[in-house]
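Protein chains: 2
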Amino acid sequence: MERISRNKIKYLRSLRQKKMREQEQCFLIEGEKMVLEILKEYPHIVKEVYVEKNTELNINFPLVFEISALESEQISGFKTPNKCLALISNPIIETKTQDLTLVLDQIQDPGNMGTIIRLADWFGLTKIIASKDTVDCFNPKVIQASMGSIFRVQINYCDINDYLSNTNLPIYGALLEGENVYKTALPQKAILIMGNEGNGLSGSVQKLITHKLTIPKFGKAESLNVSTATGILLSEFSRNR
Amino acid sequence: MERISRNKIKYLRSLRQKKMREQEQCFLIEGEKMVLEILKEYPHIVKEVYVEKNTELNINFPLVFEISALESEQISGFKTPNKCLALISNPIIETKTQDLTLVLDQIQDPGNMGTIIRLADWFGLTKIIASKDTVDCFNPKVIQASMGSIFRVQINYCDINDYLSNTNLPIYGALLEGENVYKTALPQKAILIMGNEGNGLSGSVQKLITHKLTIPKFGKAESLNVSTATGILLSEFSRNR
Chain A
1 MERISRNKIK YLRSLRQKKM REQEQCFLIE GEKMVLEILK EYPHIVKEVY VEKNTELNIN
61 FPLVFEISAL ESEQISGFKT PNKCLALISN PIIETKTQDL TLVLDQIQDP GNMGTIIRLA
121 DWFGLTKIIA SKDTVDCFNP KVIQASMGSI FRVQINYCDI NDYLSNTNLP IYGALLEGEN
181 VYKTALPQKA ILIMGNEGNG LSGSVQKLIT HKLTIPKFGK AESLNVSTAT GILLSEFSRN
241 R
Chain B
1 MERISRNKIK YLRSLRQKKM REQEQCFLIE GEKMVLEILK EYPHIVKEVY VEKNTELNIN
61 FPLVFEISAL ESEQISGFKT PNKCLALISN PIIETKTQDL TLVLDQIQDP GNMGTIIRLA
121 DWFGLTKIIA SKDTVDCFNP KVIQASMGSI FRVQINYCDI NDYLSNTNLP IYGALLEGEN
181 VYKTALPQKA ILIMGNEGNG LSGSVQKLIT HKLTIPKFGK AESLNVSTAT GILLSEFSRN
241 R
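Residue numbers (the working numbering), protein chains in the order written: chain A, 1 to 241; chain B, 1 to 241.
Watch out, some of these pointers could steer you wrong.
Heads up, incomplete: computed chain B residues facing chain A, CB under 10 Å, no partners named [to be verified]:
1. T126
2. P216
3. K217
4. G219
5. S223
6. L224
7. N225
8. R239
Just so you know, these hints were derived from the structure itself, not from any lab.
Glycine included, every Cβ here is placed at the ideal spot set by N, Cα and C.
Hey, can you work out the whole structure from these sequences and the hints?
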């Protein structure tokens, strides 16, 4: 295996920054399981693979480079660096026309973002609309939590106020005081907006909501985590399909 | 404010270990917001409070100790240590008789465990049954993810094979191939078991299930995260209440 160059390490390290990922239109994935899965499912977007010395891994790909433990530490976006990484071109996802559109308003936590992408993929959505200040979907922790769904769900970052102002669809927002979702007849075609972890939906977005939805509370927790709430609401929109 | 002693720091640090937490029947909570909330809601279980020097915090409690930045680093269970911590006696939770019992089989990730406790609290469960190899509920990351719900939901660790063998209630297990949960008439009184993140339900537990449940998949994700799946299923059991 060819060794990796100092410059390449610098380059890969620079991809930790969102700005660089946007400029280069590529990002890193980490971990043996994910690298092998991508090589199998989406080989055309894999640019290069990096494997730590003495790692037993049978990779059938022309561009595999050897890295040292120190180098994987320098490249990895995780505290516990992975022994296998790959450089990936931004995926081009074939989106389908979909009845339900999920809109995210300022989701900040990468774990939540990845989990929401995985949920969208489970419930058959191929596109998510996200406010510009939502966490970058190619952040290493988002990719990890998405469990591969990042390759099947397109995230469109845009001004969601503009987006919501230009639709004729009913706009459902998740709020603590809204209509009981279990007693609401949900339409097939709709927009569902989920808000920030700490602050919920922003004021300007709240004004554009046509239907306020609530998951009834039977106990005492102050709120639900945004990704579990998204799961319950996507499930509610799907259960009569 | 009194300074903290070296021995106390050692003691608090030792509480990072489950064994010590069990022996001492106490644990640490971290973060200004949580400490203030517990002091307000459950002051009788707060033993001591530790606050970093020069932190502006108005705490009305007799036993507040001053710690340095280095000391909070030594005590904290997090990479980014908190400036405010408290030592808490294991809460005694008044459990209610409940129709639905949630049983956890080998949940390993502290974030998932905390999120599940928060979900249980939202849906009105005051008790969770967990296999002995499920992550400890007083692990700092579980406490953080539970967002205070750890003080309202009792976790009983036991041999769940024994537990499940001794019930007359229908036992629902979440599996990838089971009956469509949207088309199943769910009873009020039941047991719901959720399995390990990677391996699902263990073989011996699967044999005790009387009803296999599945959340239908409309897209391509391989699986759902266990805490989002728990949320969707708790919601399904609750929606006809």
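Against the structure, the hints:
With 10 Å as the threshold, the beta carbon of T126 (chain B) comes within range of chain A, its nearest partner Cβ sitting at about 8 Å, so the hint holds. Residue-level restraint check for P216 (chain B) holds (minimum Cβ-Cβ distance to chain A is 7 Å; threshold 10 Å). For K217 (chain B), the shortest C-beta to C-beta distance to chain A is roughly 6 Å, which falls under 10 Å, so the interface hint holds. At about 4 Å, the closest approach between the beta carbon of G219 (chain B) and any beta carbon in chain A falls short of 10 Å, and the interface hint on this residue holds.
A least Cβ separation of about 8 Å between S223 (chain B) and chain A falls short of the 10 Å threshold, and the interface hint therefore holds. Hint status for L224 (chain B): holds, given a least beta-carbon distance of 6 Å to chain A, under 10 Å. A hinted interface residue such as N225 (chain B) counts as satisfied when its beta carbon comes closer than 10 Å to some beta carbon of chain A; here the least separation is about 5 Å, so the hint holds. Below 10 Å, beta-carbon pairs count as interface contacts, and R239 (chain B) has one with chain A at about 4 Å; its hint therefore holds.
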